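Make the complex out of the two chains shown on their own, each in a separate frame, by following the hints.
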Amino acid sequence: MEYQVSLPTFEGPFALLFHLIEKAEVDIYEISIAEITAQYLETLQMMQELNLDLASEFMVMAATLLKIKSKKLLPESVGIDDEDDDELLAIESQEELVQRLLEYRYFRNVAEELRRYEQEQKRVFVRSLAGKKVVLINPNQPDFSHTGITLSGLAAAFEKVLAAYQRQPQEVAPDDFSVVEQMDYILRVLWQKKGGLEFTALFSPSAHLGEIIASFVAILELVRLRKIVVWQSQPFGDLIVMKR
Amino acid sequence: MEIKPLVEALLFMAEEPLPPDKIAETLGAKTKDVRKALRELQQEYAAPEHGIQVMEIAKGFQFGTKPAAAPIIEKLFKDEKSFSLSQAALETLAIIAYRQPVTKIDIENIRGVKVDAVLNTLEKRRFIRTMGRKDAPGRPILYGTTKEFLRYFGLKDLNELPRLPSVNE
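Protein chains in written order, with my numbering: chain X, 178 to 421; chain D, 51 to 219.
Looking at chain D on its own, in the form it has when it is part of the complex (with noise of 0.2 angstroms):
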């Protein structure tokens, strides 16, 4: 067989996105030759006669339904875990994700308020994690986002974040 169908298998059975390098290993392929496979199949499925596409996300590959079925999707299946961010969840997430590392007192500067209980509740959420100590005074611990904040908003890589005129514009 070869080995495009395979990799349209795997990601078929994938619930979480799957690095290409996993799907080369398990097939013994060139993870080139499989990121031309997912690179074909990404191409197919965008295609208008299909229901569901293959996205990019965390670095890794999975299918997932066009936004455009949502409606009747939610006819039929109820997303038990639907929630949406608080706005303040928000704003700390966005200076998390551009100013990572980052400590707690940076971001409280640029909001204004206090940040404990958000930074608490975006933390067992897995949207962040910290990443060490800063080298200064007390050692505050630095805070940065995680795979699983990517997978949330269907982001790439962190390049992948807004790109808005700079903060003087």
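So here's chain X without its partners, still in its complex pose (with noise of 0.2 angstroms):
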């Protein structure tokens, strides 16, 4: 029977280091290089034997600290081959280790102080003028320079409206949708509408499936065209459509 045994889990190999070197109530300039590197490696099999899914960086780090342990177990005179080194992080000593500790250290302590800030920006909010969405003017130009839509930002767009369309109850419909239809309607739409219209105002809320569909596949092919443009006033900003 396999038991759970509970184990904290490590982004690194430095985070892992760091709970051993805390674990053992020692200043990290005073660790004993041979006393971690046996933690370490016994943390590793542990965490093998848990299946633990292990990154491979956690190996490179044991391979060092074996690499750094013998080395003081050599006379200095003794030089030891280093032609397999692009394999191993570029750590040639207990000193340098400590170092890297370190640097580690602190930018680890940084990232508790910016979840600190995360946090207290989470009890602020913001006003943002549900549905009737307002976005910056700028009168000097027509902000055309954030086109740069991704795919994903695409994909994200009809995942909503895709997502609204589960919300509602469904009943079963003929699929009397063309492309071609839907273009003329988009165009329509569009013509009437100047400063255009947010990509989600053009599916109606009860659409079926067949229709929002169709209405996309409509949008890719006047982009296409050349007739309509879709760009975003703002990044994760709704996306806007309009006529040429």
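Keep in mind the hints are simulated off the structure, nothing from the lab.
As the structure is a computational prediction, the values presented were derived from the model and not from experiment.
Using N, Cα and C, we set each Cβ at its ideal position, and we do this for glycine too.
A hint or two may mislead.
Incomplete in silico selection of chain D near chain X, CB under 7 angstroms [said to hold, decoys possible]:
1) Pro69
2) Leu91
3) Glu99
4) Gly101
5) Gly114
6) Leu126
7) Gln137
8) Leu140
9) Ala144
10) Ile160
Written out as structure tokens, the structure is:
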């Protein structure tokens, strides 16, 4: 029978080393490389027994620790064949290891501080004009600079429409929507809206799946034919569809 | 009308931080006077009888609720986009914020793990952006933080990043 032992998850080899140093309650400058290596290897073994998916970086650190340890045991005059060093972390001595650990600790502390900022910010709400999206207007230039719509952005917008569709009670309807019809419809709607329309507004809330898909393909086709443009006024903003 | 109430009205409408020079341009007023109005509004709203505050974020100004009101607000409103960044994402962001412009290899050396996936996510969420390429073998991409990064953490600018004792302390 398999049993579960709880072991904290480690972001990487440095995080694991830190955990061990903290557990041993030793000063980072006074770590014994032999001891820490032994503990490190022991933990790795435990993680393997728990079938944890071990990233290769953990192994690289293990090899690096062993290299540092063996170097310490050898008289200085004996060189170590370093030809495979490309595979290892560029850490040659305990001093370097300590330096790297300190650097990592520094940024881990910053990350902790950022976490506090994040949580604080979560408790602050800013206005959002629900539904009525107001974007900043720049009278000097229509902001076409952000035409850089990515495929994922478009997919996300489409998913939003689909999600809204799935919330509607659904009934079976005949598939009588053609892409050509939807193209006509979209152009007609956009003709009246010189300022463009939100992507989602092109899909009626009660639309059937067939209609949604036809409309989406119609939008793609119209973009390809350069009849309309799709753009975003701000990062993560709604996609705006406009007649060219 | 004096400019202060107009500045206040613009702030009320803004869904993202408004830069003072943009407000000044809109009002046809001097940026200096707009800044003065903003400072006054900031002070007035800081008083305990107000539930909202004037925040300075990413060099712009915006109204936001006070943290103390959060539990009440959450009773009535739901933030649909609520999520927290992973530890890996925060560590990576910390390194980029302090060391920018910085390459992927530099970040990986500090964290001791590969960061491709994290960089991808952070770029998608627009917390980081590419800032050209380093003049080094392979011309690796350089990364830096964005305005969205400042907004997410509620920072005025990069100088407001947490100041911690240096690496060796």
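- Provide an ascending list of the numbers of those earlier hints which the structure does not satisfy. Of the numbered hints, 1, 2, 3, 4 and 6 do not hold.
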